[in-house]
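Following the hints, complete the assembly by docking chain B onto the known chain A.
Protein chains in written order, with our numbering: chain A, -12 to 396; chain B, -12 to 396.
It should be emphasised that the hints constitute simulated quantities derived from the structure, not laboratory data.
Computed from a prediction, not measured in an experiment: that's the story for all the values here.
Watch out, some of these pointers could steer you wrong.
Note: identical chains are not told apart, hence a pair may lie in one copy or across any two.
Stated by the list, open to error - Derived pair list, reagent style EDC-like, types lysine to aspartate or glutamate, alpha-carbon separation capped at 20 Å:
1. K190 <-> D79
2. K148 <-> D30
3. K190 <-> E71
4. K148 <-> E207
5. K81 <-> D114
6. K277 <-> E383
7. K190 <-> E137
8. K287 <-> E207
9. K274 <-> E107
Protein chains: 2
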Amino acid sequence: MDLLNVISVEAAENLLIKNFSDYRLNTESVIISEAAGRFLASDQVSAVTVPSFRRSTKDGYAVRSVDVSGASETLPAFLMLAGEVNMGTVADYKLKPGEAAYVPTGGMVPDGADSVVMIEYSEKLTDDEVSIYRPTAVNENIINIGDDIEEGCTVMEQGRKLKPADLGVLTSIGLTEVEVFVKPAVSVISTGDEIAGPDEDIKPGQIRDINTYTIAAAAEALGCRIIERVVVKDDQQLLTEVLRECYAKSDIVLLSGGSSVGVKDYSLQVIDSLGAPGVLCHGIAFKPGKPTIIANAGGKPVIGLPGHPVSALVVFGILGRTLVHLMYRTVPPVESWVEAVLSENVNGAAGREAWQMVRLAKSSTGYEAVPVHGESGLITMLASSFGTVRIPLNKEGLSKGSSVRVYPL
Amino acid sequence: MDLLNVISVEAAENLLIKNFSDYRLNTESVIISEAAGRFLASDQVSAVTVPSFRRSTKDGYAVRSVDVSGASETLPAFLMLAGEVNMGTVADYKLKPGEAAYVPTGGMVPDGADSVVMIEYSEKLTDDEVSIYRPTAVNENIINIGDDIEEGCTVMEQGRKLKPADLGVLTSIGLTEVEVFVKPAVSVISTGDEIAGPDEDIKPGQIRDINTYTIAAAAEALGCRIIERVVVKDDQQLLTEVLRECYAKSDIVLLSGGSSVGVKDYSLQVIDSLGAPGVLCHGIAFKPGKPTIIANAGGKPVIGLPGHPVSALVVFGILGRTLVHLMYRTVPPVESWVEAVLSENVNGAAGREAWQMVRLAKSSTGYEAVPVHGESGLITMLASSFGTVRIPLNKEGLSKGSSVRVYPL
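Only chain A is shown next, with the shape it has when bound in the complex:
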């Protein structure tokens, strides 16, 4: 265990990948209407074909394209009305040459027909006859059997985070429940004699606990469930007890404060004592948030975050995202950004990757990225920011007027 063994952000993420890729979450079955945002525990293979019949995508007439070939406003095709398909029922007749049948959107296209003409391009002349003003291509306005989903195909893979549209896929293949990973159980511990819990009176020299709220909310947003929030004073014995208790029942233990090299910083020792191999790194080359501990305690991740609220939240944003997606056996989604013009020069941090908080201001051409300055202890700084501009490890800084990507917080 090296003190202040500082590694790059990328190396820190690789440590997580190396140590926790095999972590196994339990699984549970949830009903589809409560499955949004959950992560699939297994590949989903369809036992059915969707649609199971040919469906019309328009209100119109099912026809044989050969019968309306060359049809126009001036020279319509005249077809005999063979019938009308009712929604949700079987079209139980076969279209013969020279015939058409009315089909509503979503209705079954009768056998014999190979296309549907929109109703706008037709005129019903009598109860028995319709004129068609347009030719059709084969399959026009038809969803064929299996166009959406073929029986036996994998519609979604293990680890997928279920979006609203995904619920539609699951229900369309006839599922009412789906097996998902149980959300990782997370304990959030905030340490320090200066931290007053929400129900304590605040004494001079103390500040309110921030980190158990912000880190817990960020972990929940990533798909975790919070099972403990604790504020612990700087007492090695007490911290050891609390950590062991949380460790026993959690998938991930997050601790903030006590990770810099101060007099009362027992946390490194205490974390290292939880289980082998113990502390993997103490310090990442990142601003804000250098003093960060990553430990593997008997196969479970224990992360020591900086005490400064902004640093703690930003570092958790990076490491937590990687870690939680590893546990869910998937990769984080591609991040999106807003392109903006930097309103002033921004410095990098020597030997460290740096994230600059910015707010967005509308400009005549788009957006301006305005740096939000302040010490990383200032929580309002993070709250007032829209996102971050990222300055790579070996870059000195970014110039005013340059085009930058702002990643939303």
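Relative to chain A, chain B alone:
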């Protein structure tokens, strides 16, 4: 009430703004740890100053900058140790000229000191003396009283959607609860004889209900609560009863299907009968999703979405976002995107704004946007897409190789 009175997407959004800006949601108090994602019901004014004392941002020595002026490795300043500040307690002495005091990160800076030297730039010589190797600027490594939040200032405004960092701001000003808007109550109704509910046996010609799942999940993601999900057959009497019942207890009623001009489309009439002024528009110039009804029924929004699952979800994504943020008395956040190169030509839709679904593929230079083709009835099409490329109303299309913005779904 005009049949197929088609308006632009922008005009549709303006209709929503004009009709529902005054909609009043009730408010409720929630504890801070459960407030993430909720929308503030009122401005939050701080009753306290944060921090309420001068805090050090580093482990180090509190000094008077004048005493360490010109200090260097070769010519250190020698200061008398006046004491040590314990975390969370009052530094109850005043630093005199020539003195220093140890302060941990977050500790109170004693009176008399105007800066903090990092411990790395010092050496403790005896119990009483320390040498300092660097000069300091006034306020260096100090967060001053009120730097974060001043008493009486508005820290957040009504309508703000609470992010994790925001919870930190609320707790730091001593709040344990906060007043938020009650989530809009939403009913989702799916209509059509071809729709089989999840517990029904599916008959030939029928498909599984998709829209109550997808639209409900999308509404929940926007911050709504779902109070009803109903599948209704095409029966005017039945639809009227269900709609009236849902209308009575909902803030927003969403209905899918039955909005095109088919034989069994009663929904327009039924929606119009719910209350004045009734239907405001029937059709938006948008692909996918032209047949869309917007109604103001006695002050409540009733939206008739297309029956096609993809159209329904995409149209709700646009209108729902505007509507829900209106109700929460705020504006939607700036949308972020991923820049990508289009892999093939994409057509616009004459006279309509068009959204093309695409998936992302990694390329040597970044990302390629690959159009996902298919009829808007295919739910897998939406599920397999990363996002949309948007083609404005009066643009014919986009060329292969052009740089486009992909907005995540």
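State whether the alpha carbon distance between K277 and E383 is at most 20 Å within one copy, between copies, both, or neither.
-> within (18 Å within a copy, 51 Å between copies)
Indicate which option fits the pair K148, D30 if close means a Cα-Cα distance not exceeding 20 Å: within, between, both or neither.
-> Intra 12 Å, inter 35 Å, cutoff 20 Å: intra-copy only.
Measure nothing new, just compare the shortest in-copy and cross-copy C-alpha distances for K190 and D79 to 20 Å and report within, between, both or neither.
-> between (82 Å within a copy, 13 Å between copies)
Homomeric proximity label, K190 with E137: Cα distance no greater than 20 Å = between (66 Å within a copy, 18 Å between copies)
Go through the copies and call it for K274 and E107: within, between, both or neither, with a Cα cutoff of 20 Å.
-> between (63 Å within a copy, 18 Å between copies)
Within a copy, between copies, both or neither: where do K148 and E207 come within 20 Å Cα-Cα?
-> both (14 Å within a copy, 16 Å between copies)
How would you label the pair K190, E71 (within, between, both, or neither) given a Cα cut-off of 20 Å?
-> Intra 80 Å, inter 18 Å, cutoff 20 Å: inter-copy only.
When no copy is specified for K81 and D114, does a C-alpha distance of 20 Å or less occur within a copy, between copies, both, or neither?
-> Close inside one copy (19 Å), not across copies (102 Å); limit 20 Å.
20 Å Cα cut-off: does K287 pair with E207 within a copy, between copies, both or neither?
-> within (18 Å within a copy, 33 Å between copies)
Hint check: no violations occur; every hint is consistent with the structure.
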